[in-house]
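Top to bottom, those sequences are chains A and B. Quick note on our numbering: the first sequence kicks off at 5 and runs consecutively. Quick note on our numbering: the second sequence kicks off at 173 and runs consecutively.
Think of the hints as simulated: they come from the structure by calculation, not from any bench. Positions of the beta carbon are idealized from the N, C-alpha and C atoms, including for glycine. Be careful, since some hints might not be right.
[What the hints assert, rightly or not] Have a look at the derived ranges for each label pair, beta carbon to beta carbon: (1) B:Gly308 - A:Leu278: 49 to 59 Å; (2) B:Asp355 - A:Gly140: 19 to 29 Å; (3) B:Lys370 - A:Ala147: 21 to 31 Å; (4) B:Gly460 - A:Ala147: 49 to 59 Å; (5) B:Lys407 - A:Leu391: 27 to 37 Å; (6) B:Asp355 - A:Leu273: 54 to 64 Å; (7) B:Glu400 - A:Pro250: 15 to 25 Å; (8) B:Glu253 - A:Ala201: 54 to 64 Å; (9) A:Ile75 - B:Lys515: 44 to 54 Å; (10) B:Gln499 - A:Trp138: 30 to 40 Å; (11) A:Leu108 - B:Ser358: 42 to 52 Å; (12) A:Arg234 - B:Ser362: 18 to 28 Å; (13) B:Glu400 - A:Leu391: 51 to 61 Å.
[Stated by the list, open to error] Simulated coverage check for chain A against chain B, where a stretch passes if three residues somewhere in it have a Cβ under 8 Å from a Cβ of chain B: (14) 57-66; (15) 509-517; (16) 521-533.
Spelled out, the chains give:
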Amino acid sequence: MLNRIFAYGNRTGWLVLAVLVLLILLPLAAVVVQVLLPGVFFGTWQIGDLSLLLDVFKRPLWSQSLKNTLILGAGTTLLGTVIGGALASVRARWSFPGARLLDLAVWLLIITPSFILAQGWVMFAAPGGLARQWLGWDWVHSAVFTPAGLIFIMSLSKFPFAYLAVHAALEWKVDRLSEAARMNGGSSWTAWRTIQAPLLLPAYCSGAMLVFMDAVGDFGLPASIAAVFRFPTLPYSIYSALYTSPIRFDMAGVLSFYLVLIIALAMSLQFYALRKSRYDFLSSRAVRSEPRRPARGDWALAAGTAALLAAAVGIPFGSNLVSSITRSNGSAGSSLTFEHYRQLFANGGQLADGLLHSLGIAAGAAAIGLAVGFLVSYVLTYSTFKLRQTVDVISLISLAVPGVVLGIGYIFVWNQAWLEKIGLLLYGKPAILILASVAGAIPVITRVVTGAMAKVPKGLLAAAQMQGAPFGRRVRTILLPLLRGALVSAALAAFGASVFDLATTSILFPPNFMTLPVVINKAFEDLKFGYAAAATLTGGGIVIAVILAAEWLFKPRKRKERKT
Amino acid sequence: MKRNFINRGFAAAGLISLMLATAACGSNANGANGANNGNGAASSPSPSASQAASASPSASESAKPAGGGETLTVYLNDFDEIIKPMFEEATGYKLELVTGNGAEIMSRIEAEKGNPHWDVVWMDSMPSIEGLSQSGQLLEGYTPANAANLTDFAKGFVPANQSYYPTGAHAASVIVYNTEAFDEASAPQSWADLADPKFKDAVGMADPAVAAPAYPFVAWFFESKGMEEGKAYFKGVLGNGTRVYPKNPNVAQALTGGEIKAAALQESNAYALKNGGEPIGIIWPEEGAPGSVRVAAIQKETDHPEAAKAFVDFLLDPATQQALIDQGEESYFEPSVTGVNPKADREPNAKLVVAEASFASGHEAEIKQWFADNAVQ
Chain A
5 MLNRIFAYGN RTGWLVLAVL VLLILLPLAA VVVQVLLPGV FFGTWQIGDL
55 SLLLDVFKRP LWSQSLKNTL ILGAGTTLLG TVIGGALASV RARWSFPGAR
105 LLDLAVWLLI ITPSFILAQG WVMFAAPGGL ARQWLGWDWV HSAVFTPAGL
155 IFIMSLSKFP FAYLAVHAAL EWKVDRLSEA ARMNGGSSWT AWRTIQAPLL
205 LPAYCSGAML VFMDAVGDFG LPASIAAVFR FPTLPYSIYS ALYTSPIRFD
255 MAGVLSFYLV LIIALAMSLQ FYALRKSRYD FLSSRAVRSE PRRPARGDWA
305 LAAGTAALLA AAVGIPFGSN LVSSITRSNG SAGSSLTFEH YRQLFANGGQ
355 LADGLLHSLG IAAGAAAIGL AVGFLVSYVL TYSTFKLRQT VDVISLISLA
405 VPGVVLGIGY IFVWNQAWLE KIGLLLYGKP AILILASVAG AIPVITRVVT
455 GAMAKVPKGL LAAAQMQGAP FGRRVRTILL PLLRGALVSA ALAAFGASVF
505 DLATTSILFP PNFMTLPVVI NKAFEDLKFG YAAAATLTGG GIVIAVILAA
555 EWLFKPRKRK ERKT
Chain B
173 MKRNFINRGF AAAGLISLML ATAACGSNAN GANGANNGNG AASSPSPSAS
223 QAASASPSAS ESAKPAGGGE TLTVYLNDFD EIIKPMFEEA TGYKLELVTG
273 NGAEIMSRIE AEKGNPHWDV VWMDSMPSIE GLSQSGQLLE GYTPANAANL
323 TDFAKGFVPA NQSYYPTGAH AASVIVYNTE AFDEASAPQS WADLADPKFK
373 DAVGMADPAV AAPAYPFVAW FFESKGMEEG KAYFKGVLGN GTRVYPKNPN
423 VAQALTGGEI KAAALQESNA YALKNGGEPI GIIWPEEGAP GSVRVAAIQK
473 ETDHPEAAKA FVDFLLDPAT QQALIDQGEE SYFEPSVTGV NPKADREPNA
523 KLVVAEASFA SGHEAEIKQW FADNAVQ
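This is chain A alone, in the form it adopts within the complex:
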C-alpha cells in the first residue's frame, strides 16, 4: 500500500504538494482556523462562534461585498479575457508598427500595483480631473464611477494575464491543421474559430482564471474607485475586519474562506469545460510561430492597439506622470517642477534602499517560484498523481486571498517561539519576504507554464524515457526548449509582480528593512502624491529595464533557432 502511494511518479506529486502546503495552505489555514479556535496560537482553547459563517448572508456590508465581488469577477473575466486573447492572437499572427509597445505595456500593467493604477484613474476621471480640465469631457466622471465603469477599468488593467497565457500558447503552432481547413475552403475566420480557438481553450481558461483571481482578490482598485459610489468587495471587508480593534482574525478567516470557495467553484467550471478533449497537439511538424506583416491593414491594427493602450496605460500612467512633474499653486493653477524627482534621491536615498531590497526579494521569488511552478505544472500535466486537483486549487489560492491575510498567516506560522531553537524563526528576517513572494508568484507561474505545457504531448516524454533518458535529461532536452518562452514570461511576470507586492510586505517587512511599495505607500499616506508618483515611475522604469534586459537575454530568437 505504502509502496503504491510513494510509487515513482507520485513522488514529485507529494513533494510539490508539501511545498504548496507549507507556502500557501498552512498560513491560510492558520488564519481560517481562528474561526474554529480563536486564540489557538496564544495558548487558549475555546470554540469559536461558527454562526459567523452565516453572517455573510446577514450583515449588509458582507452580503453586499460578496455580491459585488461576484459581479466584478465575472464581468472583468469576460471582458479582460476577450481583450487579452484578441490582442495575443493579433500580436502572434501579425507584425505591425508598435507591436513591441504592446509587450511593454503588458509588463507595465502587470507589475504596477493596482492602487497606483487606481490613483491615476481617479486623477483622470474626478469631477475636476484631467479629463475635464484638458479635454473638456464632462461625461467621464459619471461613466467611470459606476459598477460598469469599474469593470471596464479593471478589465483594462487585468487583461495582461490573459494576454500572457494565450500568447505563450501561441508560440508553437501546427500549421497543417489550419492549412487543411483552408484547403477545404474555410475562410481564415472559420479556421480560427473551428481549429485554433478550440485548441487554445486551455490557454484561454488559464488566462481567464488568472484574470478572475486577480479581480476578486484585488483591494486597491475597488477601494479607490468604488469608494466614491460605495461598492465594497470581499477584500475591502477583509481589511476592515482586520483593522477592527480588537482585531477579528476570525472574521477575516470567514471572508477568506468565501474567497477560496469562489475559486474552487470557478475551477470546477474550468474542469468541466476542459474535461472532454485533448489539447496536446504539438508534433514534429510544429514550428515556432512568427508574426507576419499583413497584406494590408497593418496601420489599422496599429491604430486599434494604440487606442486601447492609450486608455489602458496612457490614462493611469499619464495622470501619474502629470502629477509627478507638477506642483499645485492653488487657484493660480499648477506649475512644472522636477522637485519630486530630486527628493527621491535626497535624504540618504530611502528609495534606493527600498528598491534594492524589493529587487532582491523579487529575483529570489522568481527563481524559487519558477522551480516550484515548473514542478507543479509538470505534475498537473503529466502525472497520474491522485491529488492533482488539490494541487491545482492550492496553486491558485494565493492570488485571490488578500496579501494581508497571507501575511498574518505567515506571522502565525513562522513566529512560534520553538522555531527559534532550531534557527527557523523566519519572521522578522528578509527571508520570510522571499517565501511570501514565492507564494504570491506561484499562481502566475503555474498558469502560464501549464497553459503552454498542455500542448506538449506526453508521448514525447515517454519516447525519451524509453530510450533511457532520466527525468533531468527529459526536462532539459524536451521541455525546456519547447517551453522556454513561456518559462521566461512566467518568471518575469512573477518578478515584476513581487517587486510591487505591497500587502504582504507591509505586514511582514523586518525592522529598518523598507521595501519599494512600502516607501511608495507611505508617501501616499503622507499626502505626497507627487513624490509617490515619481517614486512609482522611477521604480517601475528600473524594473521594466531589468525585465526587458532579461527578456532579451533569455527569450528564444528566431534566426538562431533555425540553425539547429
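On the provided structure of chain A, position chain B as indicated by the hints.
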C-alpha cells in the same frame, strides 16, 4: 545555439545572483540584529542606561550616550525619519523601527501575541492601545521623570495603571472645504452641518474601520451623545450622501479633485494640503474637534525595559516634542508637555475633545460594525 544560450544564461544568472546578494546582505545585517534582540534577556541593563531613564527633563541634551549599543524595537506610525537619529544620539541606544499605518501595526502586534517582537509601541490609536492594556500586554506602573511636565489636558489620558503615556494630541477631523466651492461663511461650520441638506452629496470622510484616526473621530459622537443619538447623527450624515473613503489621503484627493466640496479630514492632512497650495479652508468647529491622542506604551515582557523606559521618557522631554513639531511630518499637534510651542500657523484656539479611552476601546467593535453596515446601505 546552445553556446549562445549558455552565454546569455550566464549573464542573466549573474544579474539574478547580484540581486540575491543584495537581499542576502540585508539578511545578514538583520540576522545580526535579530541575535541582538535574542540575547537581550541575558544582558543586564547597564547602570548608565537606567540613569538615562530617570534623568532630569533636560538630561537628554546633556547626558552622554549611555545605552552601550543595546537595540530597542519600536513600532510606530509616524516620525520614523527623525526620531531614530535623535534618540540614538541622546541615549546611545540603537533603534529598530517598524513603520506602518495604525491598522498594520495593530495587526502585527496582535498576530505576534504569542512571541512579540516589539519593545515599545508609539501610535495615535489610544483606544487600541487601551485594549492592549486591558488584555494585560503592557508594562504597568512606570512613572517617567518627564511625566512631571505633562499638561493638565494630557494628564487626563494617563490610565490609572500607568501603562501608557500621551505624547501629543491632534484633531482626528477638522472641517475642510474647497474655497472654490464655498467661502468661510457658506462652508459647513459645525458637525451638525454635515447632515444639513445644504451640503447634500458634497461631503466626504474616512472609514473608521480602515483609517486609524477616523475611529477616535466617530467614537467621540457616540460617547458624548450616547449610543442611540450617535447612531441617529451618523444616519443623518450618511443619509445626506456623505462619501466614505478608505483613508484620509483618499479624502484629501477627492477634495482636491473636486469629487467632494467639503470633508471631515485629519488635521495634519488638512494643513499639509493648505501649505501645499491647494485651495483649502480649515474650520475648527466651536463644539470642538474630536481628537486622536498619540501614546507610547512598553511591552510587558520586553527584554529591554531600561531602554524602553528611556524612550518613553525621551518622548515626554519638551525638547523632543519641540523637535517633532519643528521638523516632523505630522507636525500639527498639541504637545503633551509644557514649554513646547505648536506650529505657528496652527489654530491658536484649537479645541480638542476626546472620547474616553475605556469607552472608545470597549465599544470599538460595535461602533465600527454599525458604521460599516450603515455606510453601504
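Looking at the structure, which of the earlier hints fail to hold?
When the structure is compared with the hints, numbers 4, 5 turn out to be violated.
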